[in-house]
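Enquirer: This is what each chain is made of:
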Amino acid sequence: MEEGRRHTDPGELMIRIRNLHKSFGENEVLKGVDLDVYNKENMVVLGRSGSGKSVLIKIICGLLYQDSGAVTVLGKDVIHLNDRELRELRLQVGFSFQNSALYDSMTVKENLAFPLVRHRRHLTRKEQNHEIESVLDDVGLLQTLNQMPAELSGGQRKRIGVARTLILRPRIMLYDEPTSGLDPITSMEINNLINLVRHKFNTTSIIITHDLTCAKITGDRVAMLFEGKFIKQGTFAEVFSSSDERIHNFYNYNFIESR
Amino acid sequence: MDTNHKMKGLKFITRKIAGFFIDLNNAFQFTLRFFREVFKPPYEFKEIIRQCYQVGYKSLFLITLTGFITGLVFTKQSRPSLSEFGATSWLPSLVAIAIIRALAPLVTALIAAGKVGSNIGAELGSMKVTEQIDAMEVSAVNPFKFLVVSRVLATTLMMPMLMCYTGLVGMLGSFLNVHMNEQTSFISFFQAAFNNISFLDIFSSLIKSIVYGFTIGVVGCYKGFHASNGTEGVGKAANASVVLSMFLIFIEEILIVQITNSFRV
Ligand SMILES: Nc1ncnc2c1ncn2[C@@H]1O[C@H](COP(=O)(O)OP(=O)(O)OP(=O)(O)O)[C@@H](O)[C@H]1O
Ligand SMILES: [Mg+2]
Numbered sequence: 001m002e003e004g005r006r007h008t009d010p011g012e013l014m015i016r017i018r019n020l021h022k023s024f025g026e027n028e029v030l031k032g033v034d035l036d037v038y039n040k041e042n043m044v045v046l047g048r049s050g051s052g053k054s055v056l057i058k059i060i061c062g063l064l065y066q067d068s069g070a071v072t073v074l075g076k077d078v079i080h081l082n083d084r085e086l087r088e089l090r091l092q093v094g095f096s097f098q099n100s101a102l103y104d105s106m107t108v109k110e111n112l113a114f115p116l117v118r119h120r121r122h123l124t125r126k127e128q129n130h131e132i133e134s135v136l137d138d139v140g141l142l143q144t145l146n147q148m149p150a151e152l153s154g155g156q157r158k159r160i161g162v163a164r165t166l167i168l169r170p171r172i173m174l175y176d177e178p179t180s181g182l183d184p185i186t187s188m189e190i191n192n193l194i195n196l197v198r199h200k201f202n203t204t205s206i207i208i209t210h211d212l213t214c215a216k217i218t219g220d221r222v223a224m225l226f227e228g229k230f231i232k233q234g235t236f237a238e239v240f241s242s243s244d245e246r247i248h249n250f251y252n253y254n255f256i257e258s259r
Numbered sequence: 001m002d003t004n005h006k007m008k009g010l011k012f013i014t015r016k017i018a019g020f021f022i023d024l025n026n027a028f029q030f031t032l033r034f035f036r037e038v039f040k041p042p043y044e045f046k047e048i049i050r051q052c053y054q055v056g057y058k059s060l061f062l063i064t065l066t067g068f069i070t071g072l073v074f075t076k077q078s079r080p081s082l083s084e085f086g087a088t089s090w091l092p093s094l095v096a097i098a099i100i101r102a103l104a105p106l107v108t109a110l111i112a113a114g115k116v117g118s119n120i121g122a123e124l125g126s127m128k129v130t131e132q133i134d135a136m137e138v139s140a141v142n143p144f145k146f147l148v149v150s151r152v153l154a155t156t157l158m159m160p161m162l163m164c165y166t167g168l169v170g171m172l173g174s175f176l177n178v179h180m181n182e183q184t185s186f187i188s189f190f191q192a193a194f195n196n197i198s199f200l201d202i203f204s205s206l207i208k209s210i211v212y213g214f215t216i217g218v219v220g221c222y223k224g225f226h227a228s229n230g231t232e233g234v235g236k237a238a239n240a241s242v243v244l245s246m247f248l249i250f251i252e253e254i255l256i257v258q259i260t261n262s263f264r265v
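In the order they appear, the protein sequences are chains A and B.
When we follow the numbering used here, the leftmost residue of the first sequence carries the number 1, and every step to the right adds one.
When we follow the numbering used here, the leftmost residue of the second sequence carries the number 1, and every step to the right adds one.
Just chain A, same shape as in the assembly:
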């Protein structure tokens, strides 16, 4: 059980989800999800399109509310936080959106400055610029400083999205399909970035994906979401050595698709 980089000290539990249910009208999306994520761990959530992966992490950061069940992030029960407490929690949680969600009326620099000037008011202009440049350098895109989001490629936009959340130094990162729609080489750059972020900023991460390469490279543990529940959790090897046919299909089709 105690394999690799896995942390199981209960004192280090960062995200705890119990019996989570969520439906939209008739559409039952999550039907009793349980998940524990420990400090500095990369947790990968795998699942087919429409299985409710995005809904799950939106509930974690309070963008959506569950119908029932408990979501505790950094010891706080998300659904019961007031506005101010939720804001404080969100400063600790970075969210990288599936489609990057860059502010398209602003340059890259302004995108990064947007959260920074509002939450680090004591910084001088020079210190702000320094912060922005250093985090852009971390994602390898210093040269795009004055470009508009529309001028960037998909992979660049993803990385700027990550940089924009990193600038507040969150303790938890939520990545929504970081590699979807990217070529294998760019995907690999993103995978490496996710691992770099973990080591450099000591973040705990949930990585949502249906890309098995990404899961294998970035994930300490993998959880397989199927029809609203996790059917298997464990290391990549543990999950995919399972005899469950649903997991086998997911594995096989993934490689037929990409090879």
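Derived from the structure by calculation, the hints contain no laboratory data.
Check the hints yourself; a few may be wrong.
[What the hints assert, rightly or not] DSBU-like cross-link-like pairs, simulated, lysine-lysine; straight-line CA separation at most 30 angstroms:
| # | chain 1 | residue 1 | chain 2 | residue 2 |
| --- | --- | --- | --- | --- |
| 1 | B | K145 | A | K126 |
| 2 | A | K109 | B | K46 |
| 3 | B | K46 | A | K126 |
| 4 | B | K16 | B | K236 |
| 5 | A | K76 | B | K145 |
| 6 | A | K109 | B | K40 |
| 7 | A | K126 | B | K40 |
| 8 | B | K40 | A | K76 |
| 9 | A | K109 | B | K145 |
| 10 | B | K58 | A | K109 |
Given chain A, work out where chain B with the ligands should sit, using these hints.
Expert: Chain B with the ligands alone, transformed into the frame defined by chain A:
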């Protein structure tokens, strides 16, 4: 079979009506939220100024054109009926009353609803469907404050100024026509024009513009903030904000005119 059809129709209608009232309630809550947030720091001064500039810049050309033509044409069309009674000397004051009491606030608001309102609806709508609003939310920046409060303040502040400008341009258009026909001088035209304008006239027009500006801002933001269904939703939001704000402006016009008339003696 037939009753089944009827039931379906009934269900459809009740759902539509329920939807309308839910929408109305949401819009009301949205407006209340504006008043809750507008006085709370931190204030986004820079963004408010930028939005004011946008409102003015976007509508200035069209307002200049329409205001001028309105004044000019209105004067031209009114002349024959006045000259029947030999009363063309009343033209300046007639035009002034029409423009300042009614035309300037209304024309300005309708143009702004078309230009600025649709723009706000589309801009916020596309930010909504591309999750930019969610992105602000999760970075612990209040999107309502940054996007909505600044825009509503901008339209509310700018509308009275634009209204005064429209009135002025309209009067210039009228002066041009009067001057060409009666050779009236600039000074005597404006003296005659403002003879019959009271403080109440100007005050009620200012109030009107403030109300219209607020309406345009709130409706555009509300529709944009609640856009859904991808790019199609963006177009719908833009369109709905123009239609709804024009509709509300007409209703407000009637109400305000009733109220101010009760003050006239
Ligand atoms: N705001 C919403 N309102 C109504 N239904 C929603 C909403 N958000 C998601 N859903 C529904 O929830 C289901 C799961 O959506 P979700 O976006 O979480 O899927 P996903 O696993 O992230 O898929 P993908 O890999 O395509 O991103 C879908 O059926 C979707 O229609
Ligand atoms: Mg998704």
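Enquirer: Now tell me if each hint is right for this structure.
Expert: For each hint, the structure was consulted:
Pair hint B:K145 plus A:K126 holds up; C-alpha atoms about 27 angstroms apart against a cutoff of 30 angstroms. A C-alpha spacing of about 17 angstroms is found between A:K109 and B:K46, which places the hinted pair at or below 30 angstroms, so the restraint holds. Restraint check for B:K46 and A:K126: the C-alpha separation of about 19 angstroms stays at or below 30 angstroms, so the hint holds. A threshold of 30 angstroms between alpha carbons decides the hint, and for B:K16 with B:K236 the separation of about 17 angstroms falls inside it, so the pair holds.
Between A:K76 and B:K145, the direct Cα distance comes to roughly 25 angstroms. Compliance with the 30 angstroms bound is thereby established for this hinted pair. Note on A:K109 and B:K40: the hinted pairing holds, with a Cα-Cα distance of about 27 angstroms set against a maximum of 30 angstroms. Our distance criterion of 30 angstroms between C-alpha atoms is met by A:K126 and B:K40, whose separation comes to about 29 angstroms. For the hint pairing B:K40 with A:K76, the CA-to-CA distance comes to about 26 angstroms; that is within 30 angstroms, so the pair holds.
Restraint check for A:K109 and B:K145: satisfied, since their Cα atoms lie roughly 21 angstroms apart, inside the 30 angstroms limit. At most 30 angstroms may separate the alpha-carbon atoms for a hinted pair to count; B:K58 and A:K109 meet this at roughly 26 angstroms.
No hint from the list above goes unmet by this structure.
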